[in-house]
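Letter by letter, the sequence shown follows residues 29 to 192 in the numbering used here.
Wrong hints could be hidden among the right ones.
[As the list claims (entries may be wrong)] Here are the computed distance ranges between Cβ atoms for each label pair:
{"id": "1", "residue 1": "Arg81", "residue 2": "Pro136", "range": "31 to 41 Å"}
{"id": "2", "residue 1": "Pro68", "residue 2": "Glu141", "range": "25 to 35 Å"}
{"id": "3", "residue 1": "Asn162", "residue 2": "Arg81", "range": "17 to 27 Å"}
{"id": "4", "residue 1": "Glu60", "residue 2": "Glu111", "range": "15 to 25 Å"}
{"id": "5", "residue 1": "Ala100", "residue 2": "Ile80", "range": "17 to 27 Å"}
{"id": "6", "residue 1": "Val52", "residue 2": "Asn151", "range": "30 to 40 Å"}
[Claimed, not checked] Below, simulated DSS-like cross-link-like pairs (lysine-lysine); rule was C-alpha separation at most 30 Å, straight line:
{"id": "7", "residue 1": "Lys152", "residue 2": "Lys66"}
{"id": "8", "residue 1": "Lys93", "residue 2": "Lys152"}
{"id": "9", "residue 1": "Lys172", "residue 2": "Lys42"}
{"id": "10", "residue 1": "Lys98", "residue 2": "Lys42"}
{"id": "11", "residue 1": "Lys172", "residue 2": "Lys66"}
{"id": "12", "residue 1": "Lys98", "residue 2": "Lys172"}
{"id": "13", "residue 1": "Lys91", "residue 2": "Lys66"}
{"id": "14", "residue 1": "Lys98", "residue 2": "Lys159"}
{"id": "15", "residue 1": "Lys66", "residue 2": "Lys159"}
{"id": "16", "residue 1": "Lys42", "residue 2": "Lys159"}
{"id": "17", "residue 1": "Lys42", "residue 2": "Lys152"}
{"id": "18", "residue 1": "Lys159", "residue 2": "Lys91"}
{"id": "19", "residue 1": "Lys91", "residue 2": "Lys172"}
{"id": "20", "residue 1": "Lys66", "residue 2": "Lys98"}
{"id": "21", "residue 1": "Lys42", "residue 2": "Lys66"}
{"id": "22", "residue 1": "Lys172", "residue 2": "Lys152"}
{"id": "23", "residue 1": "Lys152", "residue 2": "Lys98"}
{"id": "24", "residue 1": "Lys152", "residue 2": "Lys91"}
{"id": "25", "residue 1": "Lys93", "residue 2": "Lys172"}
{"id": "26", "residue 1": "Lys159", "residue 2": "Lys172"}
{"id": "27", "residue 1": "Lys66", "residue 2": "Lys93"}
{"id": "28", "residue 1": "Lys91", "residue 2": "Lys42"}
{"id": "29", "residue 1": "Lys42", "residue 2": "Lys93"}
Worth flagging that the hints you see were computed from the coordinates, not collected in a lab.
Think of the CB as a built atom: it goes at the ideal place given N, C-alpha and C, for glycine as much as any other residue.
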Amino acid sequence: MQENNLSNQFVTFKIENEIYAIDVFKIREILEVPNVTKVPGMPPMIRGVINIRGSVVPVLDMKMKFGQDKTAQTQDTAVIVTEITNDEGIIQVGIIVDSAREVITLEPDEIEEPPRLGIFIDNKYLRGMGKLNNEFVIILNIDKILSEEEISQVATSNTAGEEA
């Protein structure tokens, strides 16, 4: 199930009681939740933009993306700054998660196809499922997490943030 251009190391994080993972090569940095500037006209899942060393980075609430309530901010809440690759190139997007955890290694034979039933996330967002100790890890395909329309909205929020 392993794709050639991806690693077997993953940054793990929690949303609600589930453990998720993203390929370590897709992560730029992990931050405490900074001040997020709201951008008018954006869908609710795009919480706004943050400034990272002069770059405007849109912030996506993963809970809302997956059809749940807005992420409540706690001392563990984090923003994982990712790189999403699409036809237009690479864009940075911050994702708000309940907590960042650790880097794990999963060998290709430890990654299984995602189940077709029993998971509330669309399979197109998933790279696979792994196991950490006795817990399942949902491995996201971060490049597929946003539709083309959502990427266009993110690009708009990025431009709006630069004008603000």
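Hints, verified against the model:
1. Arg81 with Pro136: 31 to 41 Å: holds (35 Å)
2. Pro68 with Glu141: 25 to 35 Å: Given about 41 Å between the Cβ atoms, the range is violated.
3. Asn162 with Arg81: 17 to 27 Å: violated (40 Å)
4. Glu60 with Glu111: 15 to 25 Å: With Cβ atoms ~20 Å apart, the hint holds.
5. Ala100 with Ile80: 17 to 27 Å: holds (23 Å)
6. Val52 with Asn151: 30 to 40 Å: Roughly 22 Å apart at Cβ, these two residues miss the hinted range, so it is violated.
7. Lys152 with Lys66: With Cα atoms ~28 Å apart, Lys152 and Lys66 stay inside 30 Å; holds.
8. Lys93 with Lys152: Within the cut-off at roughly 13 Å; holds.
9. Lys172 with Lys42: holds (19 Å)
10. Lys98 with Lys42: holds (14 Å)
11. Lys172 with Lys66: holds (24 Å)
12. Lys98 with Lys172: holds (21 Å)
13. Lys91 with Lys66: holds (17 Å)
14. Lys98 with Lys159: Answer holds: Lys98 to Lys159 is near 27 Å, not above 30 Å.
15. Lys66 with Lys159: It is violated: about 37 Å lies between the C-alpha atoms, which goes past 30 Å.
16. Lys42 with Lys159: holds (14 Å)
17. Lys42 with Lys152: holds (20 Å)
18. Lys159 with Lys91: holds (22 Å)
19. Lys91 with Lys172: holds (16 Å)
20. Lys66 with Lys98: Judged against 30 Å, a Cα distance of about 14 Å means the pair holds.
21. Lys42 with Lys66: Holds, at roughly 24 Å.
22. Lys172 with Lys152: holds (7 Å)
23. Lys152 with Lys98: holds (22 Å)
24. Lys152 with Lys91: Holds, at about 17 Å.
25. Lys93 with Lys172: holds (12 Å)
26. Lys159 with Lys172: Given pair Lys159, Lys172 holds - Cα atoms ~22 Å apart, limit 30 Å.
27. Lys66 with Lys93: Between Lys66 and Lys93 the Cα gap is close to 17 Å, so the pair holds against 30 Å.
28. Lys91 with Lys42: Answer holds: Lys91 to Lys42 is near 10 Å, not above 30 Å.
29. Lys42 with Lys93: holds (14 Å)
Violated hints, listed in ascending order, are 2, 3, 6, 15; each of the other numbered hints is respected by the structure.
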